[in-house]
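A.B. asks: Put together the whole structure using the sequences plus the hints.
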Amino acid sequence: MSSQILTTHNLTIGYKTSRKNVRCVASDISVSLLAGELVCLLGPNGAGKSTLVRSLAGMQPPLGGEVRLLEDDIYKLAPPELAKRLSLVLTEKVDVGMLSAYTLVSLGRHPYTNWWGNLTSEDEAIVHWAIKSVGAVHLAQRQVKELSDGERQKIMIARALAQSPTVMLLDEPTAFLDLPRRVEIMQLLRQLTRETNQAILLSTHDLDLALRLADKVWLLTTNGILHIGAPEDLVLSGAFADTFNSEGVEFDVNSGDFYLHTSHKGEINLIADEGIVVEWTIRALQRVGFRVKQCENFSVVQNVKPTQISVEVISNSEQVLWRITNNKTVYAHHSLYELVKFLNCLSI
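Basically our numbering = 1-based index in the sequence shown + 669.
Keep in mind that the hints were calculated from the coordinates and are not lab data. Everything numeric in this text was worked out from a predicted model, so none of it was measured. We treat Cβ as the ideally placed atom computed from N, Cα and C, and that holds for glycine.
Within a straight-line C-alpha distance of at most 25 Å, the following computed BS3-like cross-link-like pairs (lysine-lysine) qualify:
#1 753 x 801
#2 762 x 801
#3 997 x 1010
Per label pair, the in silico range of CB-to-CB distance:
#4 1001 x 926: 24 to 34 Å
#5 914 x 811: 36 to 46 Å
#6 812 x 955: 39 to 49 Å
#7 791 x 926: 45 to 55 Å
#8 989 x 697: 48 to 58 Å
#9 740 x 927: 35 to 45 Å
#10 911 x 810: 42 to 52 Å
#11 955 x 719: 32 to 42 Å
#12 864 x 810: 22 to 32 Å
#13 678 x 964: 50 to 60 Å
#14 874 x 804: 19 to 29 Å
#15 791 x 687: 42 to 52 Å
C.D. replies: Next comes the structure, spelled out in structure tokens:
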């Protein structure tokens, strides 16, 4: 049996802007989602990520081409059959009234129940498993409206799991979460692909997490081009930097981080051994526009130009001291805030 769960063939996506006008977002998309893979859909705002997710879910008819789910045309599947194969988690909050978290998750079994919606013992077991899988057993009896955004998102993912789908699509599931919860949800989704062998696709703006956790990245540009590959492949090819670089922002291929362009204030000779204090000292200096040249030998001070500034990091178990040498005058500061403030006042 092929590991391809969902495939597209020459898919063209877009939407109507008026009765007669149609906006094409991207065309000739031929991709596949494989069992057991976590795929992150990335792209700038307005590139069409949500349009692609909705088209793959059968919610928005394509302008051309086809989407196949386990070899069947997704737009010809009856809703109950589609719901057994594919689950969807959207960004928008849904008003579920007074439902408990358990009841909301149990709605994921609706495609399998009778007309009355009665759950069998097997259905109950799947609901319990879904809630346990997302680490939400302690939330099961609480009302959904009382949950935090992160807790609520876990329950929505559990509901999607309860459908027993072969593929799960999520449109920016971490959009309203703080950093720890975003990391938690992303790690959870990666774990679920391994445990359930589902294909999971999520659109996200968490570029750093996607680079660290995704098995594959779909990178959609504003001109409708979809780059596909391992995160590292797209970084090495330059596609990642080309897509996200903009005025004032630059992607550093070496570190995998984004940097803001700042006005250059001069060069600092940093005298220090390796260590966590040194790393954060460099970050602080670069943040305000200094180019840092790191040295490990204090003799460098004797060889620099009089107009150059040297900063020595002196660290022990009790304190950290930053000693600045400028025009043979020595100053000392006990925090990076004081150091940066002092350097900003100097004329270089």
